[in-house]
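Chains A and B, in that order, give the protein sequences.
The UniProt record's numbering puts the first residue of the first sequence at 1, with every later residue one more than the last.
The UniProt record's numbering puts the first residue of the second sequence at 1, with every later residue one more than the last.
It should be emphasised that the hints constitute simulated quantities derived from the structure, not laboratory data.
None of these values were measured; they are calculated from a predicted model.
Each hint should be verified, as a subset may be incorrect.
[Stated by the list, open to error] Cross-link-like lysine-lysine pairs, in silico, DSS-like; alpha carbons within 27 angstroms at most:
#1 A:K72 - B:K160
#2 B:K163 - A:K125
#3 A:K125 - A:K154
[To be verified] FRET-style restraints, in silico, Cβ to Cβ:
#4 A:Q109 - B:Q123: 51 to 59 angstroms
#5 B:K286 - A:D106: 34 to 42 angstroms
#6 A:S55 - B:T162: 39 to 47 angstroms
#7 A:K19 - B:F104: 48 to 56 angstroms
#8 A:L61 - B:M220: 51 to 59 angstroms
#9 B:A118 - A:G12: 48 to 56 angstroms
#10 A:T116 - B:T221: 49 to 57 angstroms
#11 B:Y81 - A:Q15: 29 to 37 angstroms
#12 B:E176 - A:K213: 24 to 32 angstroms
#13 B:P239 - A:Q130: 19 to 27 angstroms
Idealized CB from N, CA, C, for every residue including glycine.
Single-letter residue listing:
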Amino acid sequence: MLKVKDLVVNYGAIQAVKKVSFDVEQGEIVTLIGANGAGKSTLLHAISGLMRSTSGSITYLDHPIQKTAAPKIVRAGISQVPEGRHIFPGLSVQENLQMGAFLRRDRAQLAQTYQTVYNYFPILKKRRHQDAATLSGGEQQMLAMGRALMAHPKLMLLDEPSMGLAPIFINEIFDIIQAINQAGTTVLLIEQNAKQALKIADRGYVLASGQVKLSGTGAELLANPDVQKAYLGG
Amino acid sequence: MQTFGQQLINGLSLGSIYALLALGYTMVYGIIKLINFAHGDIYMLGAFWGYYSINYFHFNFILALLSAMLVCAVIGVVIEYFAYRPLRHSARITALITAIGVSFLLENGMSYLVGANARSFPQAIQVVTYHWLGLRISNVQILILGTACLLMVLLEVIIKKTKMGKAMRAVSVDPEAAQLVGINLNHTISFTFALGSAMAGAAGVLIGLYYNSIDPLMGMTPGIKAFVAAVIGGIGSVPGASVGGFIIGILETAVQAVGLSAYKDAVVYFVLIVILLVLPAGIFGKNVKEKV
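One chain only, chain A, in its complex shape (with noise of 0.2 angstroms):
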């Protein structure tokens, strides 16, 4: 479904990301893990167009789109859940909500999305004419997952979903993240809590200074005494 191909991003004056490779399937969900600074995000924001890779391809249901505009990404079906969150503080959740379909034109199927959304997340549906900076951490990484879940996506990406969240939001973070996914959405996770994401991840890449170290299953890289080493705490 997704397919990144050597591909380099420059952030600034460094070389963020370093020709790196991986692909994701449909109906998979898969992770990047790594330490902070190894050029997760970078790629995100690359795949996602909101960076311009220097060389290299991303390919996406077989079309190029490492030229791509932001908003045509999104209404291919890429839906970005950024790192921090970055919910829209002085709209309301609805209105947050509302922004996260901006580019749908089939109203009469938005309805249901919202109920699905609401479905996943009960409390923001109680939440919702509050204004969403007044949600806490765990609610608002909720609204962000809720927010690009509006734009019906058939690929997600995750960054770093569970950073700064109590362990009660974490687990609830991680199993609606398994929903999603055997709702129908292909997943791309990127976390630094490895285990956990190891743990629901089909396949996964590590990345380190930029380049993918080592890849293989979930259950094979939570296994491996290298990854148990560096990124599970031994």
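Fit chain B to the given chain A structure using the hints.
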């Protein structure tokens, strides 16, 4: 008491013009963090469009107002496209200096094209003055206040209720996240310039009716005062711009009423300094730290 009431009426009329102008400053600042110094000149162009459309096309007031709004909206979008868009990723000071350049271009371009002399604005509406409780209020004043309030309410509805208005707010708080949900930055910024410039165009026609005299440099001082109004209200805040506009208008007429006409501009800037010392973010501004 009577003088007070009279000055309040005059101040509100003038203030509503400043408010309309201040809205453009605040919206553009909110979305691209640019102080659009050419905004006052859009107002001048609106006044000139009103002048020509009434004199030569024999438009009535409503038609002149609406067409001025439309023409100014287009001019605003064109200016953004050619002057500011190529500088989107440059330092903010670059765009700011460009805005001053655009302002000079419009002022001197109009002086060259139509002449620098002042001309009298056609009276599209017969002035009738009503006397009520010893106060004088003209139909033009009522019209200015009414039109300005109507436009402000309309703008508030657009920003709060429409999808494009919500997209404007989304872009102004987080342009990156806005792109991630598929909002087109360029379209949203163009839309913002169109709205702000339309308000300025309306203000230009209204001031023509009120003061009855227009010239190519007429946008300079009101432009700066409207900017002050936007800052006092809290730059980036739409209700703040309206309130700031009325404050400046009332203040200016009050200073004139007590016989200090020569200092009316100075007082406006003095109040600006005081407000910035007491409330650095303005009356409605949010005191948020800028992200690095």
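Taking the hints in turn, this is what the structure says about them:
no. : hint                                : result
1   : A:K72 - B:K160                      : holds (26 angstroms)
2   : B:K163 - A:K125                     : holds (20 angstroms)
3   : A:K125 - A:K154                     : holds (24 angstroms)
4   : A:Q109 - B:Q123: 51 to 59 angstroms : holds (56 angstroms)
5   : B:K286 - A:D106: 34 to 42 angstroms : holds (36 angstroms)
6   : A:S55 - B:T162: 39 to 47 angstroms  : holds (42 angstroms)
7   : A:K19 - B:F104: 48 to 56 angstroms  : holds (50 angstroms)
8   : A:L61 - B:M220: 51 to 59 angstroms  : holds (55 angstroms)
9   : B:A118 - A:G12: 48 to 56 angstroms  : holds (52 angstroms)
10  : A:T116 - B:T221: 49 to 57 angstroms : holds (56 angstroms)
11  : B:Y81 - A:Q15: 29 to 37 angstroms   : holds (34 angstroms)
12  : B:E176 - A:K213: 24 to 32 angstroms : holds (29 angstroms)
13  : B:P239 - A:Q130: 19 to 27 angstroms : holds (20 angstroms)
Figure legend: structure checked against the earlier numbered hints; every hint is met.
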